[in-house]
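So the sequence lines, in the order shown, correspond to chains A and B. Note that the first sequence covers residues 1 to 365 in the numbering used here. Note that the second sequence covers residues 1001 to 1371 in the numbering used here.
No lab work stands behind these hints, which were simulated from the structure alone. Be a bit skeptical, because a hint or two may be false.
Heads up, simulated SDA-like pairs for lysine to any residue below, C-alpha to C-alpha not over 25 Å straight-line [said to hold, decoys possible]:
| # | chain 1 | residue 1 | chain 2 | residue 2 |
| --- | --- | --- | --- | --- |
| 1 | B | Lys1012 | A | Gln283 |
| 2 | A | Lys344 | B | Pro1205 |
| 3 | A | Lys344 | A | Pro322 |
Computed far set for chain B versus chain A, every beta-carbon distance over 10 Å [unchecked claim]:
| # | residue |
| --- | --- |
| 4 | Leu1004 |
| 5 | Gly1045 |
| 6 | Ala1181 |
| 7 | Pro1222 |
Keep in mind it's a predicted model, so treat the numbers as computed, not measured. Where is the CB? At the ideal position from N, CA and C, for every residue including glycine.
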Amino acid sequence: MTTDTNRQVAQQDAPQGIDFDSLSCPVPLQDYPHIILGHGGGGKLSSELIEHIFLPAFENKHLAGLGDSTVFDVQSGRMAFSTDSYVVQPLFFPGGSIADLAVNGTVNDLSMSGAKPLYLSAGFILEEGFPVAKLKRIADDMGAAAKKAGVAIITGDTKVVERGHGDGCYINTAGVGVVPTGVDINPTMARPGDAVLVSGSLGDHGMAVMSVREGLEFEAQIESDSAPLNEMVATMLNACSDIHVLRDPTRGGLAASLNEIAASSNCGIVIDEKSLPINSTVQSACEILGLDPLLVANEGKLVCIVPEASAANVLEAMKKIPHGANAAKIGTIVSDHPSMVIAKTSIGASRVITIPIGEQLPRIC
Amino acid sequence: MKYLTEYRDGEKAIRLAEEIGRIVTKPWAIMEVCGGQTHSIIRNGIDQILPKKIEMIHGPGCPVCVTPLEMIDKALAIASRPEVIFCSFGDMLRVPGSKDDLFKIKGRGGDVRVVYSPLDAVQIARKNPDREVVFLAIGFETTAPANAMAVKVAKDQGINNFSALVSHVLVPPAIEAIMTAPGNRVNAFLAAGHVCCVTGFEEYPKLCEQHDIPIVITGFEPLDLLEGIRRTVIQLENGEAFVENAYQRVVSEAGNLAAQAVLDEVFEVTDRAWRGIGVIPRSGWRLSKAYRDFDAELKFSVSDITTCESELCRAGEVLKGTLKPNECEAFGKECTPRNPLGATMVSSEGACAAYYNYGRFVQLETSSSAL
């Protein structure tokens, strides 16, 4: 009777499309359809989470031993290492979920140094009461995202905090990758005359999350652009091994990335507003809310600084990847106004693109 | 986007600017009243393509900038109370009060929430009957109808844990105050299109007549603004002074009668202090007698607030158009968007913030051309 009641609660809490009954968990996991403190205690409940949720989702040979750490072979040469934490609300949004962000975010951070991402870790901080069905969906989505990106999640950890001390589910991922010989990509490498490229439409992720979080409805649903960029980077490096800078314009949007590149390389950047690829629904949503799409987050886009002579080849390589279809050249690196990003406006005037002080605030009118 | 992209055509904008250049023979100072227009002028660089003889003066039409310090301090006092959920539009959160801003109150545990519509705040009140929900109702005639509607809905539905901290301001008294201020240099006004969309423009002919100034009702896109400026310059050059509607796709002479009916019911005209300018008679709205129960100022007894404005800040002169932001001694030194001394440095519509971003480039251009 108790179990049935709990199940009903779990089914109500479960995201649409999740069939709680399809969970192949033996008792006692199904007796606890919500996370309790014991799931982070390192005992039997913890083991059952690993055995029935994480191992099937992340399935790979490195997880077989379940040791305190995972051992893997390394190649000679240079490696890249990165970490990021994911605290997005809502956990599921059009075009993706916290799971996609947690895998793609770290894969993309590694890719931005030209590295081929190999292995990820996954740390979960769960709030007491979080539905196990949702955790399973997140783990499954992470497994699928890792498979799609060609990486393996080879170590992990789960902690549970008391109800009210967390926001459902936080995830941290760290990752390692191998940098191919001869590749030297970093934010100080932009040089006057280089071309500035972006891989597709700007602001999709930030507006997708905001539309769900704030209950805003637009004519067409805005979907997050969350995607792994390692395949695109590999294709670009094949077209030109002399790529100078790569950045993924996540928080702070394109404006923050360009300002960071300009400051790190001590160069100026001039972009042409008319050339910016922006989805018309995102543009409309930004107009309504008084937001600048250049400051809105992306989760599957990159900015590339490349010698002008190679720009056409790299652009063509980007367009070969499905989520690079709208890639465009948007500007040029200049020696004037170092550390400053200038946009040529639609009427041929100029404005300075600055980094917001904190979060972008919707305007009153 | 229909009604937007066609008003952003770069080539047409340059042709309009060139036409203005052919018409103008004397220097003119034109004030755009609305902060949204200031934002668009700076964002698109419209002042950069205008003939040098035309000077755009950024007016007091940024609601964030003119909300008096006393009202901000009252908001901070109310937002600090444990029983209160304080709801505000986003860009009010960083406006400095005497000591704090709403972000800092939120950081210390105050329940401060950004809403996109005042009706969202009413909804929050409905869902939290054990809490007091206060909405910071500021702005010009543009935002007032939705704010009035929120109070009306709360009253009609008996949501008594909702109240509004009201500091609405009105455009025509501000125009009057600017025209009669000592040192006034304004020759003509671009009236705020969205304000007139609500109110119509029946109040404007007498202002034109009394002060011998052209007033052209103008929109917000580059071609709207340039067309407004073109019509203004024609009047100035011909020695004329009348009201013209250059935003006919949105504004009618009578305005939005349904909105006006709600405003008349919920609000009444009152004297209002404007930050940096001072009290302007009959220049604002407060809740009318029938709606006093929803007045947060009365509900929370925050009348004994003493304020402390920065001694360095000269935002008042900027708002009246008698001082350019970069002429202020504190500009870019003690006062930056990160550490604003006055509200004009906070809002993206504020003249000082706009100058801080754009002005850096202008100074750079000037210094490089001097080399």
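Evaluation of the provided hints:
| no. | hint | in the structure |
| --- | --- | --- |
| 1 | B/Lys1012 <-> A/Gln283 | holds (22 Å) |
| 2 | A/Lys344 <-> B/Pro1205 | violated (39 Å) |
| 3 | A/Lys344 <-> A/Pro322 | violated (29 Å) |
| 4 | Leu1004 | violated (7 Å) |
| 5 | Gly1045 | violated (2 Å) |
| 6 | Ala1181 | holds (25 Å) |
| 7 | Pro1222 | violated (5 Å) |
The earlier numbered hints that this structure contradicts are 2, 3, 4, 5, 7.
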